[in-house]
Amino acid sequence: MLAAVGLPPLEAMLNGNGTAHADGTPIPVRFGIWYWGSGVRRERFFPSTPGPNWEITPELAPLEGVRSEINVLGGFSVREGGIVHHIGTAVLKTGRGYIDHGGFFNTDVRAHSFDIDVARHLGADTAFPALHVGVYSDGQFNGEGLNTRALSHNGPGSPNLAETSPRAVFDRLFGVQTDVPSTDAAPFPSAEHRRSVLDIVNEQARALRARLGTADQARIDEHLEAIRGIERRLEANPSTGNAACQSPARPTQGAPDLRRPDMVLHNELMADLTAMALACDLTRVFTFRHHGWTDDPVLEDLGANATHHTLTHTEGGNQPTVHAINVFTMSQLAKLIERFQSVSVGGGTLLDHSAIMAYSEVGEGWSHSLDDIPMMTIGRAGGALRTGLYHRSTTRESVTKVNLTMMRAVGMDVEAFGEGPHRVTDPVGAIMT
Amino acid sequence: MQGRSLFGRRRSSRRPHWRQSRFVGPALLIGATLAGCTGVIADSGTGSGGPDASGGGEGGGGEELSGDFRGSSAGLRLLSVSEYRATLRDLLGVEVPGTDTFQADTPVQGFTAIGATRVAYSAPKVERFEQVAYELAGEVFAEGGRRQDLVGCEPSSSTDPCIREFLASFARRAFRRPATAAELDTYAGLVASTADPDAWTGLAYAVAAILQSPSFLYRVELGEPDAAGGEHLRLTGFELATRLAYLVTGSTPDDELLDAAESGALDDEQGLSEQLERLLASPAAQTALMTFLEEQLDLHHVHKIVKVPEAFPDFTPALAEAMAHEMYEVVRDVAVREPDDLLSLFSRRDTYVNGPLAALYGVPGPESANDWIPVTLPEDGPRAGLLGFAGFLASHSGAAETSVTKRGFFVVSKLLCREIPAPPGDVITVLPEPPAGGHVTMRERVEQHMSDPSCKGCHLAMDPPGLALEHFDALGVYRETDGGLAIDATGEIDGEAFDGARELGELLAAHPDVSACFARRFHEYALGTALGKKTSVTDLVGAFEDSGRRLPDLVRAVVLHDSFRLVSAPR
Chain H
1 MLAAVGLPPL EAMLNGNGTA HADGTPIPVR FGIWYWGSGV RRERFFPSTP GPNWEITPEL
61 APLEGVRSEI NVLGGFSVRE GGIVHHIGTA VLKTGRGYID HGGFFNTDVR AHSFDIDVAR
121 HLGADTAFPA LHVGVYSDGQ FNGEGLNTRA LSHNGPGSPN LAETSPRAVF DRLFGVQTDV
181 PSTDAAPFPS AEHRRSVLDI VNEQARALRA RLGTADQARI DEHLEAIRGI ERRLEANPST
241 GNAACQSPAR PTQGAPDLRR PDMVLHNELM ADLTAMALAC DLTRVFTFRH HGWTDDPVLE
301 DLGANATHHT LTHTEGGNQP TVHAINVFTM SQLAKLIERF QSVSVGGGTL LDHSAIMAYS
361 EVGEGWSHSL DDIPMMTIGR AGGALRTGLY HRSTTRESVT KVNLTMMRAV GMDVEAFGEG
421 PHRVTDPVGA IMT
Chain A
1 MQGRSLFGRR RSSRRPHWRQ SRFVGPALLI GATLAGCTGV IADSGTGSGG PDASGGGEGG
61 GGEELSGDFR GSSAGLRLLS VSEYRATLRD LLGVEVPGTD TFQADTPVQG FTAIGATRVA
121 YSAPKVERFE QVAYELAGEV FAEGGRRQDL VGCEPSSSTD PCIREFLASF ARRAFRRPAT
181 AAELDTYAGL VASTADPDAW TGLAYAVAAI LQSPSFLYRV ELGEPDAAGG EHLRLTGFEL
241 ATRLAYLVTG STPDDELLDA AESGALDDEQ GLSEQLERLL ASPAAQTALM TFLEEQLDLH
301 HVHKIVKVPE AFPDFTPALA EAMAHEMYEV VRDVAVREPD DLLSLFSRRD TYVNGPLAAL
361 YGVPGPESAN DWIPVTLPED GPRAGLLGFA GFLASHSGAA ETSVTKRGFF VVSKLLCREI
421 PAPPGDVITV LPEPPAGGHV TMRERVEQHM SDPSCKGCHL AMDPPGLALE HFDALGVYRE
481 TDGGLAIDAT GEIDGEAFDG ARELGELLAA HPDVSACFAR RFHEYALGTA LGKKTSVTDL
541 VGAFEDSGRR LPDLVRAVVL HDSFRLVSAP R
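Residue numbers (this note's numbering), protein chains in the order written: chain H, 1 to 433; chain A, 1 to 571.
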C-alpha cells in the first residue's frame, strides 16, 4: 500500500541503435561500487602482463568468462598511513583520510563519499538516490567506528549501511506488502494525505533545526533528505513495467544466517535485486558490499576455521584458505556481472551502460599493505570506458585516480578528486575512450 | 594497589625457569609504562590517532566541552529501535510489526546511546518510521480497534472539542512536553481536512503525523539558561524527565513523571529522587538497565558464536543459546534482580546450567537436559565469574582457536577502561606457525608479538589476562594442557600476580579501576557522550564505592549528579 515505484522506459520508446530513447534523451549510465574486505594474495591475483593480453591468474580465474567486460588495475596506492584498513576505506570512499574520535578504532569519514556526488549527477529524478546492499554482515563490526560500517556516507555521522536482507531490499524497492485495515473503500493512507503530513513534518523539522548546533543540523538535514525521497516517490507514476524491468518475486530470505550464511544464494538474490532496481530505473547508483573486514563470515564450506580477516592474520604458508576465499569472492562478483549482462537495455546490456568500480581496502591482508590495492572497473559506461585491459601504474599513483576516472566516465565535469596526497586531476587515461 | 598483594601469592618465582628465560618475568605486566599503551582511568579519552583538531566539527563530544565540564552538550538523541518499540507500546498499546524490519542501531564507542547523539537516522529508517506510523494508526483507528479507549470519546464530528483534548494529551505524551497551541492547530486542521469518511480517519492521520514528528522521533535535550546564573544550560523539567525515563525504563515518560516535570517537582533533588525510586522499582527498569551491561560486557556477542565442526563437533546453536541464557541470567541477578556488588560478577560461583552446559562445566546437571538448575561452581575449581562463563570464553575466541588478544583486550579495555591503540600499519600480524610435527602453546606463539618492538607495547598490556584464560579452549571447555603441553596461566596486573581464570576474576573483583570503569562508562552511557579526558569522575566513583557498588546505586549517583541536569552549548 505504501509502494509507489518509478517509471521505467519502455523498450518501444528507444531509438534504433539503443544509445538513446526515441525522443533523443540518452540512456542513463548506471554507477556502482562492488567491494570486498581484506584484500587479495597479490602474487595470485595480479597478472604479470599489462595490456590486453593479460593472463588469467588463480584469483581472477572466475572472471575469465567476463574478461572482455572488465579492466584489472594494479599498482595504485593509498598514500597515507594510519590504521590500515581504516585509512584504505576512507581514502577510497572520500579521497581523504579519516577522523579518529579516539576509543577503539573509532574512525569516521571526514566528508561524504564520492558516490553521493555521482548520485546527484545521475539520479536526481529517480525514486531512490542510491541503493546500498550487502551479502553478509555480522552487524557488530567488532565495535569499530562508522568508517568501517559502510561504503557510502552522507557525511560524518551518517553512514549508508548496507542492507543484507533481500526481503527488506525488495520491500523498499518494490513496495511493502502490508495489511492495514481501512475504514472505507478509500485507501489509508492516501498519497495526497501522506504528502500533507510530510509537509507538516518538514515544517517542524526546519523549526527544530534552527535551534540546533551544526552537528545536529546536519542530522536533521539527512532526515529532511530522506523525507524528500519519500515525496519524490509519491509523485512518480506507477509503472506497468517492460521486458527489462520485471519486479522479481519477493524473496523470503531475511539477512543471512550469522553462523552458516548461504553466501551464494544471498549474493544471487542481491545481484538480482540490484540489476532490477537499475533496469527499472528506480535508482542509477548502487553500492554492493560483499563482506567487510570487521563483520565478515567464517566460510566453513571453503575450509575456513576463522573469519576471512582473521585468517589473513593467522593462516601460515601460502594461505590456501585465504586464497580459496579470494577465488570464491571473485566468483561472486562474476555472478553480478553475468546478471547485468543478462538484462537488455537499448541495443546492448545493462552492463554496457554501467560503470562499476570494484575494490578492496587493502592490498594484501596478511601484511596490511596499502600498495597494490586490488581494483577493477566493470562495464563500458555507455561507451566512455574501454574494457579488457590489465593496466598497471608504475609510479605508485593514488587510488583516487580510479575514483576520478569513474566520475568522468559517468559524465561528471569534475576537475579533481581528493585532498592532500590523494588529490588527483587526471583519470586513468588508458581505460578511457 | 600500593604493591599489597590482595589475592593469591606472587607466582613469578614459581614460574618454570625456561619460561622466564624467554621473556616473561617483569615484562608481563599490565599497566607497565610503555609508550602508547599505558592507561590511566582519568586520562584515556582521545585515543590512538591523537585528537584531531580539524575534525572537531563532528568530534567526540568530550573534546569540545568547555573547561572541565563533565556533561553532554545540548542536542538531539535518536531513539534506539528498542526504545522506539517500547515507546509505541506505551503510547498506543500496540506492538510495532515485524522483528527484523528496522536497520539496526549504530553504536559508537561501544554504546548505542552514544551513537544516538552522533549518528543520523538513515533514509531506510525514516521511510520505515512513516510506514509504521500508518500501520499502527490504521490498526488502532480501525473499526473494532482500540480507538475509543485511546481517544476517550466518540467524536461527533471532526470539530468535536474532544478531538483537541485528545490531541493535546496524546501529543504531550508523544513529545514528552506539552504541545504548543500552534502545533495543536496544525493537527486539528489535519483532522478536519482528512476526516473522510469520518473523524476517526482524521484522527488516524493526526496520530500518524505525530509519530513522524521530529519532536517524537528525537529526544530533545536543548536546555534553557540557568535561572540561577550558572554558566551552563539546564535541561527543562520535561527534558530531564525524558532523560530519566529512557535511562531507567527504556521508554517514554509516563503521565506521573510528566506531571512531576510540569509542576517543577523535578527541580529539587528530593522530587527527582522520588521519581527515580518509583521508576527503579518498575519492572521496565530491569530490562532497561540490562542494556548498559549488555553493551558494556559484550553480552550480545554470545549470539554470534561460530565454531567449526572439525574443532568442535558437538557445538550447536542451541549450546550457544544456552551459554547466552546463563550469562544474561547471572548478570541480571547481580545487576538488577537482587542487586549485589557489581564487581562480584567476576568472582561469583553461583550460576545456572542446563544439561549440555553442566556437561561442559563438569558439574552435576538437571535430570532433564533441557531444564535449568542453579549450581554453585566448586570453590577450588578453575572457573568463576564472568571470565569463566563458556559464553564469554567462546565469544572471545576464534571459530577453532582461542584468542588471547580478544580475551585480554576485553579485560583491559572493557573492564579496566584502559586505552589500547590500534596496531601500527604495515606490520605482519601472522602468528608464527607451529614447527613441523610439533605443537607449541598459544603463549609461545604470542610471544612473537611481544618480541617485536612495534607490537610489544600494546600486547604487553593485552595478552597477560588473555593468557590467564588459556585453560579454556575456544568453546570454554577446561583443559589441563594445550596440545599435550603444560599451560602457564600466570601473570600480573598492576603488580598483583594471578594464576588462572579464578584468581584473575578475584583480582578484578577487588580492583579499584574496575569499579571506576563501571562508573565512568555508566556515566557516559547515561549522557550519551564519550567524555574522554574530561571525565575525572572521582565523585561518582566515590559514591559508587561507598554504596556497595550496586548498579541501582550507580544510577542514583549519576541521576543526581549535576551533569545529568546541565548541558553545555549545542554541538
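Hints listed in this document are in silico derivations from the structure and should not be mistaken for laboratory results.
Just so we're clear, the structure is a prediction, and the values are computed from it rather than from any experiment.
Warning: the hint list may mix true and false statements.
What the hints assert, rightly or not - With a straight-line cut-off of 20 Å between C-alpha atoms, the simulated EDC-like cross-links for lysine to aspartate or glutamate are:
no. : chain 1 : residue 1 : chain 2 : residue 2
1   : A       : K406      : A       : E294
2   : A       : K125      : H       : E225
3   : A       : K304      : H       : D117
4   : A       : K125      : H       : E300
5   : H       : K335      : H       : D301
6   : H       : K335      : H       : D272
7   : A       : K304      : A       : D341
8   : A       : K304      : A       : E277
9   : A       : K304      : H       : E268
10  : H       : K335      : H       : E225
11  : A       : K125      : H       : E231
12  : A       : K406      : A       : D482
13  : A       : K304      : H       : D301
14  : A       : K406      : A       : E444
15  : A       : K414      : A       : E506
16  : A       : K125      : H       : D221
17  : A       : K406      : A       : D341
18  : A       : K406      : A       : E329
19  : A       : K304      : A       : E294
20  : A       : K414      : A       : D482
21  : A       : K304      : H       : D257
22  : A       : K125      : A       : E154
23  : A       : K125      : H       : D262
Unchecked claim - A few chain A residues that don't get close to chain H, going by computed Cβ distances all over 10 Å:
no. : residue
24  : Y134
25  : E231
26  : T291
27  : R332
28  : V375
29  : L460
30  : D488
31  : E545
32  : D562
To be verified - Covered by chain A, per the in silico footprint, the following chain H stretches (three or more residues, Cβ under 8 Å):
no. : region
33  : 161 to 173
34  : 302 to 308
35  : 357 to 363
By construction, the Cβ of each residue, glycine as well, lies at the ideal position given by its N, Cα and C atoms.
Hints, one by one, checked against the model:
{"no.": "1", "hint": "K406(A) / E294(A)", "verdict": "holds, 17 Å"}
{"no.": "2", "hint": "K125(A) / E225(H)", "verdict": "holds, 12 Å"}
{"no.": "3", "hint": "K304(A) / D117(H)", "verdict": "violated, 36 Å"}
{"no.": "4", "hint": "K125(A) / E300(H)", "verdict": "violated, 33 Å"}
{"no.": "5", "hint": "K335(H) / D301(H)", "verdict": "holds, 18 Å"}
{"no.": "6", "hint": "K335(H) / D272(H)", "verdict": "holds, 10 Å"}
{"no.": "7", "hint": "K304(A) / D341(A)", "verdict": "violated, 29 Å"}
{"no.": "8", "hint": "K304(A) / E277(A)", "verdict": "violated, 36 Å"}
{"no.": "9", "hint": "K304(A) / E268(H)", "verdict": "violated, 24 Å"}
{"no.": "10", "hint": "K335(H) / E225(H)", "verdict": "violated, 33 Å"}
{"no.": "11", "hint": "K125(A) / E231(H)", "verdict": "holds, 15 Å"}
{"no.": "12", "hint": "K406(A) / D482(A)", "verdict": "holds, 18 Å"}
{"no.": "13", "hint": "K304(A) / D301(H)", "verdict": "holds, 18 Å"}
{"no.": "14", "hint": "K406(A) / E444(A)", "verdict": "holds, 17 Å"}
{"no.": "15", "hint": "K414(A) / E506(A)", "verdict": "holds, 17 Å"}
{"no.": "16", "hint": "K125(A) / D221(H)", "verdict": "holds, 14 Å"}
{"no.": "17", "hint": "K406(A) / D341(A)", "verdict": "violated, 26 Å"}
{"no.": "18", "hint": "K406(A) / E329(A)", "verdict": "violated, 23 Å"}
{"no.": "19", "hint": "K304(A) / E294(A)", "verdict": "holds, 14 Å"}
{"no.": "20", "hint": "K414(A) / D482(A)", "verdict": "violated, 27 Å"}
{"no.": "21", "hint": "K304(A) / D257(H)", "verdict": "holds, 10 Å"}
{"no.": "22", "hint": "K125(A) / E154(A)", "verdict": "violated, 34 Å"}
{"no.": "23", "hint": "K125(A) / D262(H)", "verdict": "violated, 26 Å"}
{"no.": "24", "hint": "Y134", "verdict": "violated, 5 Å"}
{"no.": "25", "hint": "E231", "verdict": "holds, 17 Å"}
{"no.": "26", "hint": "T291", "verdict": "holds, 15 Å"}
{"no.": "27", "hint": "R332", "verdict": "holds, 21 Å"}
{"no.": "28", "hint": "V375", "verdict": "holds, 28 Å"}
{"no.": "29", "hint": "L460", "verdict": "holds, 18 Å"}
{"no.": "30", "hint": "D488", "verdict": "holds, 21 Å"}
{"no.": "31", "hint": "E545", "verdict": "holds, 25 Å"}
{"no.": "32", "hint": "D562", "verdict": "holds, 21 Å"}
{"no.": "33", "hint": "161 to 173", "verdict": "holds (count 6)"}
{"no.": "34", "hint": "302 to 308", "verdict": "holds (count 4)"}
{"no.": "35", "hint": "357 to 363", "verdict": "violated (count 0)"}
Violated hints, in rising order: 3, 4, 7, 8, 9, 10, 17, 18, 20, 22, 23, 24 and 35; the structure is consistent with all others.
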